[in-house]
Amino acid sequence: MITRLGTERRRMSKIVIHNGTIYLCGQVAKDSDAGIKEQTRTMLEKVDELLMQAGSDRKHILSATIYIKEMKYFAEMNEVWDAWVIEGASPARACVEASLARPELLVEISVIAAVI
Amino acid sequence: MITRLGTERRRMSKIVIHNGTIYLCGQVAKDSDAGIKEQTRTMLEKVDELLMQAGSDRKHILSATIYIKEMKYFAEMNEVWDAWVIEGASPARACVEASLARPELLVEISVIAAVI
Amino acid sequence: MITRLGTERRRMSKIVIHNGTIYLCGQVAKDSDAGIKEQTRTMLEKVDELLMQAGSDRKHILSATIYIKEMKYFAEMNEVWDAWVIEGASPARACVEASLARPELLVEISVIAAVI
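Residue numbers (the working numbering), protein chains in the order written: chain A, 36 to 151; chain B, 36 to 151; chain C, 36 to 151.
Keep in mind the hints are simulated off the structure, nothing from the lab. Remember, it's a predicted structure, so these values are computed and weren't measured experimentally. No residue lacks a Cβ here, since even glycine has one placed at the ideal position from N, Cα and C. Misleading hints may appear alongside valid ones.
[What the hints assert, rightly or not] Covered stretches of chain A (in silico footprint by chain B; criterion: 3 or more residues with CB under 8 Å from a CB of chain B, positions within the stretch not fixed):
#: 1; stretch: 57-64
#: 2; stretch: 72-79
#: 3; stretch: 126-136
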């Protein structure tokens with residue numbers, strides 16, 4: 036059985052749940068004119084909101100892929116990330132450089148999490 | 036138990052099935068000299084073919100990661116994508132810019148789906 | 036139930052296990068000053084080590100995403116990869132070009148595997 040939430044847009048579902056595993060659609064900042072720290076902060080806020088809708092939370096993230104527009108933002112992104120993850124419950128993570136859908140976007144995250 | 040299909044090439048299996056979840060190997064266009072719309076169309080055709088072999092279909096895709104050579108192709112890729120996905124059954128998706136194995140390739144997709 | 040191993044660093048867990056599926060954190064070379072073949076070799080050595088810790092091995096990899104700094108390294112990376120994977124038991128794979136956390140890193144891999 037597959038549960039899909041946030042299916043208003045035809046293009047993608049915001050949340051897909053299958054077999055106890057949650058797949059979130061790629062999340063970017065709420066305000067794409069902000070700097071890297073604020074973009075990271077509001078992007079992770081959206082992850083929190085989606086995980087809550089899916090009946091999970093940031094302690095149950097299994098894997099995260101972070102795409103960052105330029106590696107010069109790496110340290111500042113990590114500052115916000117490190118404060119956000121729960122000690123002892125952080126996900127497996129990969130972070131690579133990639134340009135995103137709009138030029139002003141500095142960071143995007145793809146998340147796989149567990150149903151609680 | 037792991038089922039692997041399309042294992043002719045040592046480098047990768049085209050389809051790997053485990054625990055009700057299907058992992059497809061990255062798919063590109065059938066004709067890499069075509070433009071973005073045609074490349075997206077035949078890439079998604081290959082996804083359909085692999086999902087059929089795996090006993091699934093595009094309504095059961097959980098997550099898709101799209102790599103696009105340049106974001107200038109984003110709108111045209113999405114036109115083909117939006118027509119291809121099933122309303123209310125689209126996957127979680129992320130799309131980032133990345134160069135691919137051969138310079139003429141404009142788009143590649145990585146798919147996780149559910150066994151029906 | 037989620038099992039996390041290698042949680043010394045707050046930033047990420049090296050291994051996350053859930054529902055029979057293992058997620059490894061992105062692996063890079065042991066010696067980032069080496070050339071592409073040596074970087075690929077020691078990166079895959081680290082994958083072997085983590086999979087062993089997780090109670091699995093390279094025959095049980097489901098999916099791998101390879102990020103390569105420049106596609107000019109593609110053939111040499113594949114030489115090492117092709118010798119490393121087990122015939123008939125290779126994962127689904129995607130490989131795209133991306134710059135990595137440090138400029139000298141030439142290749143990174145993200146792995147999903149099955150618990151044996």
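Hint check results:
{"no.": "1", "hint": "57-64", "result": "holds (count 4)"}
{"no.": "2", "hint": "72-79", "result": "violated (count 0)"}
{"no.": "3", "hint": "126-136", "result": "holds (count 4)"}
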